[in-house]
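**Student:** Fit chain B to the given chain A structure using the hints.
Protein chains: 2
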Amino acid sequence: MEISQSQTEFQGLPFKSAFRPESVAVIGASPTFLKWGHMILTNILAGGYEGRVFPVNQKEDLICGLSVYKEIGDIPGAVDLAFITIPAGKVAAALEQCGRKGVKGIVLITSGFSEADDEGRRLEERIVKICRQWNMLLIGPNTMGVILPHSKLFATATHARPRKGSVAFISQSGNLGNQLILWAQQQGIGISAFVGSGNEAMINCIDYLEYLEKDPYTRTILLYIESVGDGRKFLEAARRINRKKPIIVLKGGRTEAGNNAAASHTGSLGGEANITEAAFRQAGILTSKVPSELLDFSIGFSCLPLPRGNRVGIVTLGGGWGVVTADGCNEKGLVVPRLPEHIIATIGKYLPSFWSRGNPVDLVGTRDIEVPVVAVEELLKWEGIDAVICLGIVGRHELVRLMIDSARRSDERADSKFLNQVESISSGFENDYIERVTELMEKYEKPVIGVSLARSDKGTISRVEGKRYKGVFYQTPEDAVNVLAGMVGYNSFLRKRSFYPL
Amino acid sequence: MEISQSQTEFQGLPFKSAFRPESVAVIGASPTFLKWGHMILTNILAGGYEGRVFPVNQKEDLICGLSVYKEIGDIPGAVDLAFITIPAGKVAAALEQCGRKGVKGIVLITSGFSEADDEGRRLEERIVKICRQWNMLLIGPNTMGVILPHSKLFATATHARPRKGSVAFISQSGNLGNQLILWAQQQGIGISAFVGSGNEAMINCIDYLEYLEKDPYTRTILLYIESVGDGRKFLEAARRINRKKPIIVLKGGRTEAGNNAAASHTGSLGGEANITEAAFRQAGILTSKVPSELLDFSIGFSCLPLPRGNRVGIVTLGGGWGVVTADGCNEKGLVVPRLPEHIIATIGKYLPSFWSRGNPVDLVGTRDIEVPVVAVEELLKWEGIDAVICLGIVGRHELVRLMIDSARRSDERADSKFLNQVESISSGFENDYIERVTELMEKYEKPVIGVSLARSDKGTISRVEGKRYKGVFYQTPEDAVNVLAGMVGYNSFLRKRSFYPL
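Just so you know, the protein sequences line up as chains A and B, in that order. FYI, the numbering for the first sequence is 1 to 502, going by our numbering. FYI, the numbering for the second sequence is 1001 to 1502, going by our numbering.
Just so you know, these hints were derived from the structure itself, not from any lab. In this text the structure is predicted, and so the values were computed from the model without any measurement. Some hints here could point you the wrong way.
[What the hints assert, rightly or not] Reference excerpt, derived from the structure (chain A facing chain B, CB under 7 Å, subset only): (1) T42; (2) L45; (3) G48; (4) G102; (5) Q187; (6) G253; (7) G318; (8) Y350; (9) F354; (10) P360; (11) M403; (12) T476.
The C-beta atom is built at its ideal place from N, Cα and C for all residues, glycine as well.
So that you can see chain A by itself, here it is in the shape it has in the complex:
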């Protein structure tokens, strides 16, 4: 591991040109479906990349309607970033040409380097040397590609195209990363950058962290790591950066079985990289044990204000849901305080006499839009509450839709105009509620975490034009509790320099 070398050269490397390229080349571009040179090129083109795209291939003249260049040197004008998909044996020569052309960054998709055998390791050393010599930033080799939504540059084999946003994700596993990026797209998570870091021959995860520290688009950082090389250095950097931008880590290889698997995957050695859970915590880094949690956390941190303490108000459409959420809160170190009489009195004005009169506030199936908003605001207003979890206002429209469908199907004389009206009112109700909640979060600077009543394909995040925060509606109460607990822990680290003991 040559961390110190890559570190010293970090400042001199053209990170910005590589991460905000105005033109890209695909060396090994191919007209053949399922070849890497086709997957990357068609993704870039169909994804609507805003810069210029140059296919390079010695045997073709036209691919996807674009003129093909025999060599990168033939391209008129500058090339910021070159994707390389040609066989390992031909990479060194191509890199020399890139260097002469003035290319700033290389995404080396090709595998067969240090992850394969000793010969590959020697080859990898050679290509790093070439890139250093020409001052080119090298991502990979053996990477699944990069996604840079702020440049509309989607360049991975998985043709997922998440929207642009503030969450960066560096992954030492391409396939894990790609899968999560697809889910991120489905959930509506905004991404600033995704990098499959591959073999990390030149740029390792510490370097990426240090770049992201200064990247204006990035506010939250996700890492999947199996090995970090110099653990002490990683923790030092992470501890500093984490105070500005929360870092959430999934560490692969925590157990014997995982470690064995990691050794054959990225060639990481457990001994070298075994940063413990406790060490991550000391650096204020949130850790996750499962991939999906990385995304859950990123949504909370990127869309909601940070809670200032661990006291939770729960608003629920239905008692059982409130019970499991209260249990979850307590089990994660969150407190569900009893409400003072004046709040009970205010909320009680809107509810039938037999309501729960406590926290959780059970709205008993009310259909008045004012009631959930009043309940949420009364809780936010109170200094005894740091965050609100609101279960099931959003998603009810899906249930109404199902009911309307039944009404139509069971009665041929059903009043269609009236049912259309109901559908439109119910849909508007949800949108109004989301808008009100984003306003309340801004007013009180406390998070309101939602849970959707029905699983839908709408995604987890609802954006409201002009609002600082976003509506967040997880699929399950456990997700909401878990994320809130993580945010409380992070806030506690920021304030006291120690992690809240969850």
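**Tutor:** Relative to the frame of chain A, chain B by itself:
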């Protein structure tokens, strides 16, 4: 609590007529959208209930095209099950009429009984007495309804209509139950019966368990409970039944906050009902802390053979995924054994030289259908493996679909016929793979738990005609690991009468 009474009378009650009704009445049927009497009636009608349906309402003549009866006594022919949605004060009189009519079972939706106040409690005692007198089974009051898919009877406010199957779900929370039933439908889980047990005035969760023990449609039982009344009796019954049909419990009110919430929800008192996690374990009952897990477990138990031990083979499309799965296995008490040379040699014939040569078996992005099948079978065949987790063969079609879309959009001269062919081959590949896996499970009587590469709306379960087991493809590796660990624990309880220490 009158457990002993309801217990002694359990055998005499007409459970079967209530759970397999040939005709139903809706007392309080209404033409008004969003009223309970409309929600229940339209759900029953639109859901395609196969028996006769009789609306009862004193003021209407025709609802949903059906003749309306003033009183239940006016209905020609027998009524097995009556849904009641009229106000609490009118329920007693209606029950007397039901009794005279010879109704077998009552689903009393109406609230305002013991959950409301002392007067409600007295009223509840009175209606239980009436039902006992007429030998009518009483579900509720304050229930969200029932779903009996084997009779195509869907009678809840949430118009979810899960397919028929072998999973029964008794829930002391209507809203939690309804929500989970909607997810069950989305995931393709087959349901034998769902009951919102409401206030459990006559029939409590022990009674339901004892009915389900003998119900030929039910093979797996899910319970959401806040209070079980007589804890010792519950555990005794559960321990016996659990040996035939696995019982999975989510206990609400485990913590102080949850307990307070439960007290105001179902009026349960912590002291009375506080069965500990350890006590559940001793009875061999799998416990869940979060609602979604109930469904995850039910899928494993109802679709897969039970693993005979805790040794897991992992097959993965991509290294990182294998690493996090191996970590998860170890952290849940599962073992990921090293493979003997003969298995490495056999699988190695199908893979490039640089493959992982171990467990997890990383298929390195192979596109040959034989390779995953060979890998899975080689692992199943080996006596050193009790179960296989296979990551990402299914779901790849979704990625291929995205790639084809890019190819079309980026190249107007793309060979459309060829791309259609690719799409069809890729789709067929997945179906073939699922069929082969179900055959292998039958051949080796070991579970193969899948994880889908892409989150899709296809659901978790894939059925193959004529096969004993079903294809199961969870959304995340953590779900697969968690369910497998639960099944291993249950099997260990069955064999050794003690729970595997997870």
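**Student:** Which numbered hints does this structure break?
**Tutor:** Those not satisfied are hints 3, 4, 5, 8.
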